[in-house]
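Visitor: Next come the chains, spelled out residue by residue.
Number of protein chains: 4
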Amino acid sequence: MDIREGKRQDLTPWGEVLSEVEAEVRPRLGEAGAVATYIPALARVPARQFGIALATCDGVEAGAGDADLPFSIQSISKVFTLALAMRALGSRLWERIGREPSGNPFNSLVQLETEKGVPRNPFINAGAIAVADRLVSAFADPKAEILALMSGLCGEPIAFDEEVARSEADTGYRNVALANFMKGFGKLDNDVATVLDVYFHQCALRMSCRQLARAAGFLCRDGRHPRGQDALLSERQARRINALMLTCGTYDAAGEFAFSIGLPCKSGVGGGIIAVVPDRLSLCVWSPALDATGNSLLGRAALEAFAAKTGLSVF
Amino acid sequence: MDIREGKRQDLTPWGEVLSEVEAEVRPRLGEAGAVATYIPALARVPARQFGIALATCDGVEAGAGDADLPFSIQSISKVFTLALAMRALGSRLWERIGREPSGNPFNSLVQLETEKGVPRNPFINAGAIAVADRLVSAFADPKAEILALMSGLCGEPIAFDEEVARSEADTGYRNVALANFMKGFGKLDNDVATVLDVYFHQCALRMSCRQLARAAGFLCRDGRHPRGQDALLSERQARRINALMLTCGTYDAAGEFAFSIGLPCKSGVGGGIIAVVPDRLSLCVWSPALDATGNSLLGRAALEAFAAKTGLSVF
Amino acid sequence: MDIREGKRQDLTPWGEVLSEVEAEVRPRLGEAGAVATYIPALARVPARQFGIALATCDGVEAGAGDADLPFSIQSISKVFTLALAMRALGSRLWERIGREPSGNPFNSLVQLETEKGVPRNPFINAGAIAVADRLVSAFADPKAEILALMSGLCGEPIAFDEEVARSEADTGYRNVALANFMKGFGKLDNDVATVLDVYFHQCALRMSCRQLARAAGFLCRDGRHPRGQDALLSERQARRINALMLTCGTYDAAGEFAFSIGLPCKSGVGGGIIAVVPDRLSLCVWSPALDATGNSLLGRAALEAFAAKTGLSVF
Amino acid sequence: MDIREGKRQDLTPWGEVLSEVEAEVRPRLGEAGAVATYIPALARVPARQFGIALATCDGVEAGAGDADLPFSIQSISKVFTLALAMRALGSRLWERIGREPSGNPFNSLVQLETEKGVPRNPFINAGAIAVADRLVSAFADPKAEILALMSGLCGEPIAFDEEVARSEADTGYRNVALANFMKGFGKLDNDVATVLDVYFHQCALRMSCRQLARAAGFLCRDGRHPRGQDALLSERQARRINALMLTCGTYDAAGEFAFSIGLPCKSGVGGGIIAVVPDRLSLCVWSPALDATGNSLLGRAALEAFAAKTGLSVF
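Residue numbers (our numbering), protein chains in the order written: chain D, 1 to 315; chain B, 1001 to 1315; chain U, 2001 to 2315; chain F, 3001 to 3315.
Any given hint might turn out to be false.
As the list claims (entries may be wrong) - Using 27 Å as the maximum straight-line C-alpha spacing, the simulated DSS-like pairs for lysine-lysine come out as follows:
(1) U:LYS2143 with D:LYS116
(2) D:LYS116 with F:LYS3116
(3) F:LYS3116 with B:LYS1116
(4) B:LYS1116 with U:LYS2116
None of these hints come from the bench; they were simulated from the model.
The whole structure should be built from the sequences, with the hints applied where relevant.
Guide: Listed below in structure tokens is the structure:
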């Protein structure tokens, strides 16, 4: 049985683990938490959904719940555009982006000011916009490049949700502010509108848990492509992305995630979270309702349950 | 040959690795960097010293350079007082201390204000003072308790350097400020002077690389005492300290350390840094000259060399 | 002799005072200080120019130096758009704009964040942009309204420098950032581009010292139009603008201006400063080179000399 | 009739104005607002009290309500210690203290950090502590010097309330923090405890509205002593204190006070506010309940009523 043929491994031991995790958190689906409402397309998503999927380094995949339902990956995309930029630019990428946690969102703005337009890390919005600026410089068609990367990683076509992208553009005043702020410090080389067009599109990628777990596979395989042996990144680069995810991947809850889950994670306001167990597997969980820190409420609970059940932790 | 008998393992493979690391960084001893000068006792320490030591989970120890020279452990002590407080208080400890990275020192003060006297994490000074306050409440003689812990972990007597402690007390205006600030928010239960007396003493512990590597052993052994099988902490607690070290252990360079070294570390302005490879070994490196982030310049270089040579990384 | 006939009063006692002030500061024209360079049209202005003019409540005008040379009034325009908005909206204007000094520019951004998009006062850029938004709501053609006001106050046609306005628009990233930031907080009612078009134009008004001194006349005449008895504003409103100028009119040097000059002032990066002696006269000084606080270096010196010579001060 | 004999001038026209003001605000005595509770001695003061008094430049005094009831002057004392320090040190005083508004209390701490221990102005706590440090350097017995100044200004003995001073010392953690913070930056020359002893005592002065109105007389008389022609300060110095009061005298409401009252004011958390009409009179109002900005709720209302009734304003 080959997962690349689309056959499910949901009854393998991994499938059982995920089903147990689902059983544990599903009763809490009615709990507080609120779906992101800043754009209509996200606000319409029903809150009571939950999916989880994983892909091991040796090719086993498993899923539970709404593992195949596509959702808006939002900030999870920052991991993939970072990988694209690291591959294209190597260490030059870091001339305009830091690698330190930023504390809360409030700090990230203050720091953008005191650090003269250099974002603290590539996972805050300002940092991801700076990465998008690098992609605009590096590629003739950066949006096509992003789609090619994602489709290649998944082995199936991935697309932007153009309605979501348009919505982001129409209402993303704070991102427009951040981009202009950096431009004012001379830290963006390209036209603000072009850069933001890339950024708003990457956030609007639609993917399922299963696809994201598979796509993140290069992070647990020392940079090797999840579908083959080609190196997407060097081992060193892949580990560094994991380090950034652990220290900066979940907004102002990175410390809490490290403390209680102990795995590199990256979340998005669409309710998805990817996680990496180095040399073992990559994982994606999704549930639309968010907690006060902007991370998926049940996604976080599911990752805690998964870590507790399996004992998997980088620590 | 048993390290507990004091016999050296420096010619084992681990000893060779450490000697290679030493050979790589020793030529750089003349480089920039400056010894901490805020108290005379630290300012007098000659900059051109370098030591490194490790202790594996199965009891092998190795060292190179000035591995047996005692130095002022300063903030490295925060790991051990945290362990003491977690053991005594369990999760109640976290009622008054956060677990998030604080960004730069500037932020830590701003955050102490906006978060009404609750320090961001136990490894910034405010957080360690809050931990000391908990120890004053929990123990009749918290300083004796600290000495007992350290001596027990090392299997040999450890002492405070009273001259350093006095110096800290005489010139530690900023720490007095932080403590009074928290007291003003009602976040310290005990007398400011008593709490600071504990804090200034813990910073004044004198230990060698070899002793610190050994003492940190419980962190790579899932909480088990380095000299026996007794649990100092639960596995979960030990892992959480590792997570805190990785996200918050090296001032405003935690992101950089995670990115380029990939191991939980805790540094002190005396020039020491401890590091943990979970399930494998604990490590201590020392060289007094500090870089701009307050971390040992060559200590950091040595840890990078060690990680590169051994491929050890949590990611 | 009537100044409204364009005849000069420069040989009156007031003219002598101004000539003395000019004689005192002109030798310092070579001094440090730098012309604003953020747009080419300002960067081209020769630094070694100095003009000063005043208009008394009873209609006497006097000038010295380059009193009739037009320059870019920049932020001085904020006084006049504020007057326009206060007249149109009364106290409703203050629903979205504060009246407190903002400390340094750094704070103004932090405060915009902590105060959820409500600018601290109408004289910081964010505040003036909020005022422009009110004008866009209140008037069919706000730019025409501004020109009508200024021309009416001066008794001669006043125009925008379209090249400067275009330059501001092309390079005003930080203002675009501020406007989008406020829009993101729901604190601008109109389209960002429309609001900024008004703002960039008001900054691009070209006027001479003599014209500005005359135009500011309503501020020393309890709100009455400088060329007649009509009330532009109520006495109360005029006094309140003076209060705002004194506490917030000169960037982060408002305290210093109050301390050493003691008059309500408003400066612009074009090098102009207007000042008000309530019930006596209004004044404008201009010299393009700026000090570190963004205020005209010699303009400030001239106002200090004027205050010292005349003993005029609100204190 | 001599006011120094205790005879009232309350039936003069000024007395009538004050009585009208009292009649206007007294019905609001039951309104919200809260007495300062941070020390027991202040918390015990009944909220429903109101007094007002003034002293003209030519020696007329008037009062209404509880004009003769002594209260804790708290931060109003900062005006008088500043005068003492300006007289003793001249412009050297400003080497360690700024003259700019600080925005809200939050900013004042941030600015103390970014400006390396130099307080923004002498009326925030940090600034007044810096002034106290200067007094400790300048005078053998600074507390006696303060009492001599106040008694001399009033023409009757003024004393510290030792219970209040002790209370301040016992609970003033934030002031202890500020002083240690500045000491850590090398910006206090004297022992922290000695400096704070002066500061806590100056805050504990007990005076009535009538006494404070009289004592502040030098501020409306160009620096001349209110009981004679001796110069306490130069005209320039007196005006500069008025400028500081207007821009920084009422915490984060200085802009609002300037806007709606238009007079230099200095308030204290004991519920007192002094105000100055240059060349005319000095004024003191008192009512213990405070508004959200820490200024006396009815004191502020009374000053607005006074300004509206008399048309007195520096603008």
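Visitor: All hints, please: hold or fail.
Guide: We went through each hint and held it up to the structure:
Pair hint LYS2143 of chain U plus LYS116 of chain D does not hold up; C-alpha atoms about 34 Å apart against a cutoff of 27 Å. Distance restraint check for LYS116 of chain D and LYS3116 of chain F: the Cα-Cα separation of roughly 20 Å lies within the 27 Å cut-off, and the hinted pair is therefore satisfied. Taking the CA atoms of LYS3116 of chain F and LYS1116 of chain B, the gap is near 22 Å; set against the 27 Å cutoff, the hint holds. For the hint linking LYS1116 of chain B to LYS2116 of chain U, the alpha-carbon distance of about 20 Å falls within 27 Å, and the restraint holds.
Hint violations for this structure: number 1 only, all remaining hints satisfied.
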